[in-house]
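Student: Please work from the sequences and hints to get the whole structure.
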Amino acid sequence: GDTTDHFLKLAYQITDHPGARELDMLLSVGERISIALLAMAINAEGPYEAVSLTGSQVGIITDTNHTQAKILEIRCGRIQQVLEKGYIPIIAGFQGVSTEKEITTLGRGGSDTTAVALAAALGAHQVRVMKDVDGIYTGDPREVPDARIIDKLAYDQMLEFSASGSKVLATDAVDLARHHSIEVAIASADTGAVGTIVTTGDFSGHGVQGLVAKRGLIVIKLARRSDLLSALADCRAAGLSISGLHSEATRPVMLTGGTTSESIRLVDHLLKTTDWGKRASKYKRLYARVSVIGSGLEPGGKHFTRLLTRLEEGHVLPRWYCCSPIRVSFCVPDGRVGDILCHLHSGLIEPEPGR
Numbered sequence: 089g090d091t092t093d094h095f096l097k098l099a100y101q102i103t104d105h106p107g108a109r110e111l112d113m114l115l116s117v118g119e120r121i122s123i124a125l126l127a128m129a130i131n132a133e134g135p136y137e138a139v140s141l142t143g144s145q146v147g148i149i150t151d152t153n154h155t156q157a158k159i160l161e162i163r164c165g166r167i168q169q170v171l172e173k174g175y176i177p178i179i180a181g182f183q184g185v186s187t188e189k190e191i192t193t194l195g196r197g198g199s200d201t202t203a204v205a206l207a208a209a210l211g212a213h214q215v216r217v218m219k220d221v222d223g224i225y226t227g228d229p230r231e232v233p234d235a236r237i238i239d240k241l242a243y244d245q246m247l248e249f250s251a252s253g254s255k256v257l258a259t260d261a262v263d264l265a266r267h268h269s270i271e272v273a274i275a276s277a278d279t280g281a282v283g284t285i286v287t288t289g290d291f292s293g294h295g296v297q298g299l300v301a302k303r304g305l306i307v308i309k310l311a312r313r314s315d316l317l318s319a320l321a322d323c324r325a326a327g328l329s330i331s332g333l334h335s336e337a338t339r340p341v342m343l344t345g346g347t348t349s350e351s352i353r354l355v356d357h358l359l360k361t362t363d364w365g366k367r368a369s370k371y372k373r374l375y376a377r378v379s380v381i382g383s384g385l386e387p388g389g390k391h392f393t394r395l396l397t398r399l400e401e402g403h404v405l406p407r408w409y410c411c412s413p414i415r416v417s418f419c420v421p422d423g424r425v426g427d428i429l430c431h432l433h434s435g436l437i438e439p440e441p442g443r
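Everything in the sequence shown is counted per my numbering, starting at 89 for the first residue and increasing by one.
Hints should not be assumed to be uniformly reliable.
[Claimed, not checked] Under the rule of at most 30 Å between Cα atoms (straight-line distance), these lysine-lysine pairs were calculated in the BS3-like manner:
| id | residue 1 | residue 2 |
| --- | --- | --- |
| 1 | K370 | K360 |
| 2 | K97 | K370 |
| 3 | K255 | K97 |
Please keep in mind that the hints were generated in silico from the structure rather than gathered at the bench.
Tutor: Put into structure tokens, the structure is as follows:
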């Protein structure tokens, strides 16, 4: 992530409108550096030998959507040849080659997606993803001291964690794993210990599984309903994710991610250069979206009632609710997120046995 941000910063130092094709050429470099250095380290250490391979070299074929490409197929012949010769293939994630023979990148979290896609193509039943955290927690441990690791999650629940703002696994990776019934074991890159397994199963009896916050959301109020489709299309073309759509006094309201300087710059650029943007207004205050994930969260459900009670006890007045049987999301001022997460966690998450 940091390397990608660095390359994006370089691109925007050159021009405010870097072409998507050239961005992909630039962004793909980071993974190539990593795989080459890792192969060198393995070869120097011995006794095994490694070979670094780019996405295009191992036949990762994508569509033509630069910076947000989707994998269409993986032609595994090159990987099989390397394995048969006794080498360890070190494969660049996050990238491939399009059907038009252009270098493409897969967007944020693309390395997770590459790992799962490779597992599916090679007939593996499990993929182990090494992370700087040792699993999925019931809350962010940096903000919720009592947060604990969740041993197992169903694919649908993990999709909700990812879509709600958890950065441990990309949504595309989880969706692909679900489609191919591949278990995803999330392990610590430091210790190798597996903390969470994402798999098939019904964990609906577990109640509220966890809390996720997506911070730094920019709220944009459009002037006209007719501006919505154009605004959504322009945001998608700019690579901005839309975190929510709501309505205030018949005017559509969009929430989009603004947690990076790149996102904020893109939003400001659209507001200055598009017809809908010139008519729109941007809230001065940043918001955060808090998501409660588990089961029984449909309006009127047991855990939905518990959530409303807990919010009232904490004098929390959310905006823009979004509900489903396994997730409730709402917006609060960004500055209150830490306190709200701790308050909800203590009242909604069941303690570990023996505690």
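Student: CA of K370 to CA of K360, is that 30 Å or under?
Tutor: Given pair K370, K360 holds - Cα atoms ~12 Å apart, limit 30 Å.
Student: Below or equal to 30 Å on CA atoms is what counts here, so check K97 against K370.
Tutor: holds, 24 Å
Student: Can the restraint linking K255 and K97 be considered satisfied, given a maximum Cα separation of 30 Å?
Tutor: holds, 21 Å
Hint compliance for this structure: every hint is met.
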